[in-house]
Each structure stands twice: as C-alpha cells, then as structure tokens.
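If you read the sequence shown in our numbering, its first letter stands for residue 100, the second for the next number, and so on.
Honestly, the hints are just simulated from the structure, not real lab data. Careful: at least some of the hints might be erroneous.
Calculated pairs, SDA-like style, for lysine to any residue (alpha carbon to alpha carbon, straight line, at most 25 Å) [unchecked claim]: (1) Lys269 with His259; (2) Lys269 with Phe257; (3) Lys269 with Ala279; (4) Lys269 with Ala296; (5) Lys269 with Arg187; (6) Lys269 with Gly182; (7) Lys269 with Gly186; (8) Lys269 with Pro107; (9) Lys269 with Thr351; (10) Lys269 with Pro157; (11) Lys269 with Arg337; (12) Lys269 with Asn153; (13) Lys269 with Gly129; (14) Lys269 with Glu185; (15) Lys269 with Ala123; (16) Lys269 with Val212; (17) Lys269 with Ala306; (18) Lys269 with Asp281; (19) Lys269 with Gln256; (20) Lys269 with His336; (21) Lys269 with Glu128; (22) Lys269 with Ala161; (23) Lys269 with Leu309; (24) Lys269 with Asp121; (25) Lys269 with Tyr188; (26) Lys269 with Gln254; (27) Lys269 with Glu250; (28) Lys269 with Gly258; (29) Lys269 with Asp307; (30) Lys269 with Glu118; (31) Lys269 with Gln189; (32) Lys269 with Gly340; (33) Lys269 with Glu280.
Taking CB as the label site, the calculated pair distances span [what the hints assert, rightly or not]: (34) Glu250 with Gln138: 20 to 30 Å; (35) Gly286 with Gln138: 20 to 30 Å; (36) Gly355 with Leu265: 40 to 50 Å; (37) Gly286 with Leu265: 24 to 34 Å.
Where a beta carbon is used, it is the ideal one built from N, C-alpha and C, also for glycine.
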Amino acid sequence: MAFTASTPLPFAIVNRHGERLDVAYHPVEGAAAEPGASQVPSAIVVIGHGVTSNKDRPWLVALSEALAAAGIASLRVTFSGNGESEGRYQDATPSKEAGDLVSVIDALQQWGVSRIGYAGHSMGGAVGVLCAAEDSRIRVLVSLAGMFHVEAFMQRQFGHLAPGDLMLDKPGCPWNTALAEDAARLGSLTTQAGRIAVPWLLVHGDADELVPIADADDACRATGARAELVVLPGVDHRFTGATPAMTSAVVTWLHGLAGQPPIE
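Starting from the given sequences, assemble the full structure and let the hints guide the process.
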C-alpha cells in the first residue's frame with residue numbers, strides 16, 4: 100500500500116490540564132492507512148517542536164517521512180498553547196511541555212506501544228532532556244539543535260522585550276512572565292543531562308544562529324561524554340539545505356545502536 104504522510108490516530112491525546120494536543124501519526128511505510136488495534140506499532144518516535152512553533156515545521160515532517168521509510172513509526176506533536184493545540188500560548192513553558200510529553204507517552208502506552216523514543220528541536224530538545232531525566236519510558240533521546248542553556252537563550256533572544264511583545268514577530272506568541280520565570284528556574288540542564296542513561300544523539304549545526312553549538316558541547320560534557328554529537332558544518336538552526344543530512348544522521352544512529360535499535 101502506498102505510504103501516506105500521516106494518518107489519524109484512533110483516539111485523542113489530552114494533557115493533564117484537559118487540553119487536546121494536535122498530532123500527526125506517521126505509520127511505517129506500507130502500513131495500513133487506518134490504524135486500528137491490529138496496527139498498533141511496537142515502537143514509535145515522538146517528535147516535538149521549538150519555541151513559537153508547531154508540528155508542521157518542514158524539517159520535522161521530513162524526519163517523520165525518513166523514519167517511516169526506515170521502518171520506524173513516528174508521532175509529531177504540537178505542544179499545548181501552540182498551533183492547533185488547545186491551551187494558551189502564555190502558559191507554554193518547557194516544564195509544561197514536558198508534562199504534555201508525559202501525557203503523550205501515557206496515551207501511546209495505553210494504545211499498546213511498548214517502546215518509545217523522543218526527538219525534539221530547539222526548545223523541544225530541552226523538553227526531551229527534562230522528560231528523559233525523569234521518565235524511563237523514553238528509550239532513546241534525540242536533540243535537534245537542542246536548547247541546553249534555557250535561561251541564557253531566553254534572555255539573549257527575548258530579554259529586551261516587554262511583556263506582550265511578539266516573540267520572533269510571530270502573531271499569537273507574546274513574551275510573557277510564565278516563560279521567563281520557568282526559564283530562570285531551569286537555568287541550564289546540566290543536572291538533568293547527568294541523569295540520562297539512555298542512548299542520546301545530538302545533531303547540531305555549527306552555524307546555528309539561535310542555539311549555539313556550545314549548547315550541544317556542554318550537554319555532551321554533562322553526560323560524561325556518553326551522548327553522541329553529530330556536527331553539521333555550516334548549518335543553521337533550521338537545517339536549511341541540510342535536512343537530508345539531519346534525517347540521515349538520526350536514522351543511521353537508530354539503526355546502529357549495538358545492532359539492536361531499542362526503538363525498533
């Protein structure tokens with residue numbers, strides 16, 4: 100059967116605040132178009148976006164398509180308060196989004212998925228670190244241009260804004276107290292990174308204009324060099340012109356984990 104870019108889940112995913120999350124499920128290439136009980140994947144990679152963003156960023160769609168072609172199902176998620184998900188943007192923080200991720204994992208486990216990985220871009224990378232440090236159900240972790248020094252990022256990019264000013268000039272994305280306070284509380288994710296024992300891949304461009312490559316270096320250092328870093332020369336935060344290199348790095352790494360990828 101021909102591969103379809105995404106197909107509906109047979110259930111809604113709602114976070115602990117009662118807010119429905121907008122998601123897109125990508126079965127493995129050739130799977131049935133309408134997933135039912137008999138089509139529950141044994142493994143799935145959840146994919147999260149960055150600040151002011153949503154599940155439909157081109158590099159995240161491309162990653163889902165590459166995973167599907169490689170025999171790995173995925174679920175792109177828009178965190179609450181963003182895009183078409185329910186909730187207020189003014190409440191969207193890394194900590195709340197980590198809670199959203201827990202709700203996604205709960206729903207997938209109830210569906211019957213036994214192995215779950217997570218890949219997050221930018222602030223979605225920070226969300227993955229927060230969640231994987233506490234939730235052993237995440238079997239593998241991928242950070243794509245992942246944010247590590249959360250407070251420093253927010254101050255560098257948005258500290259000059261007054262509350263209510265648009266972040267990155269995006270309508271519906273006002274700079275707000277909740278995000279500033281959560282970032283200040285989190286600071287850097289050194290402690291959380293040190294708790295992560297599962298395989299962890301970081302893919303980062305050394306020309307990233309928003310999250311510097313130093314974030315990835317410091318994250319690897321915090322794990323005692325247990326994490327693996329792939330540096331893409333000359334590549335920016337959005338993987339412009341290098342999306343195939345990013346997706347290839349992720350797929351190759353998943354297939355190469357000791358010959359027995361824990362997500363497959």
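We went through each hint and held it up to the structure:
{"no.": "1", "hint": "Lys269 with His259", "result": "holds (16 Å)"}
{"no.": "2", "hint": "Lys269 with Phe257", "result": "holds (13 Å)"}
{"no.": "3", "hint": "Lys269 with Ala279", "result": "holds (17 Å)"}
{"no.": "4", "hint": "Lys269 with Ala296", "result": "violated (37 Å)"}
{"no.": "5", "hint": "Lys269 with Arg187", "result": "holds (15 Å)"}
{"no.": "6", "hint": "Lys269 with Gly182", "result": "holds (11 Å)"}
{"no.": "7", "hint": "Lys269 with Gly186", "result": "holds (17 Å)"}
{"no.": "8", "hint": "Lys269 with Pro107", "result": "violated (28 Å)"}
{"no.": "9", "hint": "Lys269 with Thr351", "result": "violated (35 Å)"}
{"no.": "10", "hint": "Lys269 with Pro157", "result": "holds (17 Å)"}
{"no.": "11", "hint": "Lys269 with Arg337", "result": "holds (16 Å)"}
{"no.": "12", "hint": "Lys269 with Asn153", "result": "holds (12 Å)"}
{"no.": "13", "hint": "Lys269 with Gly129", "result": "violated (37 Å)"}
{"no.": "14", "hint": "Lys269 with Glu185", "result": "holds (18 Å)"}
{"no.": "15", "hint": "Lys269 with Ala123", "result": "holds (23 Å)"}
{"no.": "16", "hint": "Lys269 with Val212", "result": "violated (36 Å)"}
{"no.": "17", "hint": "Lys269 with Ala306", "result": "holds (23 Å)"}
{"no.": "18", "hint": "Lys269 with Asp281", "result": "holds (21 Å)"}
{"no.": "19", "hint": "Lys269 with Gln256", "result": "holds (14 Å)"}
{"no.": "20", "hint": "Lys269 with His336", "result": "holds (17 Å)"}
{"no.": "21", "hint": "Lys269 with Glu128", "result": "violated (34 Å)"}
{"no.": "22", "hint": "Lys269 with Ala161", "result": "holds (23 Å)"}
{"no.": "23", "hint": "Lys269 with Leu309", "result": "holds (16 Å)"}
{"no.": "24", "hint": "Lys269 with Asp121", "result": "holds (19 Å)"}
{"no.": "25", "hint": "Lys269 with Tyr188", "result": "holds (12 Å)"}
{"no.": "26", "hint": "Lys269 with Gln254", "result": "holds (18 Å)"}
{"no.": "27", "hint": "Lys269 with Glu250", "result": "holds (20 Å)"}
{"no.": "28", "hint": "Lys269 with Gly258", "result": "holds (16 Å)"}
{"no.": "29", "hint": "Lys269 with Asp307", "result": "holds (20 Å)"}
{"no.": "30", "hint": "Lys269 with Glu118", "result": "holds (22 Å)"}
{"no.": "31", "hint": "Lys269 with Gln189", "result": "holds (13 Å)"}
{"no.": "32", "hint": "Lys269 with Gly340", "result": "holds (23 Å)"}
{"no.": "33", "hint": "Lys269 with Glu280", "result": "holds (21 Å)"}
{"no.": "34", "hint": "Glu250 with Gln138: 20 to 30 Å", "result": "violated (43 Å)"}
{"no.": "35", "hint": "Gly286 with Gln138: 20 to 30 Å", "result": "violated (43 Å)"}
{"no.": "36", "hint": "Gly355 with Leu265: 40 to 50 Å", "result": "holds (42 Å)"}
{"no.": "37", "hint": "Gly286 with Leu265: 24 to 34 Å", "result": "holds (25 Å)"}
In terms of the numbered hints stated before, the structure departs from hints 4, 8, 9, 13, 16, 21, 34 and 35, listed from lowest to highest.
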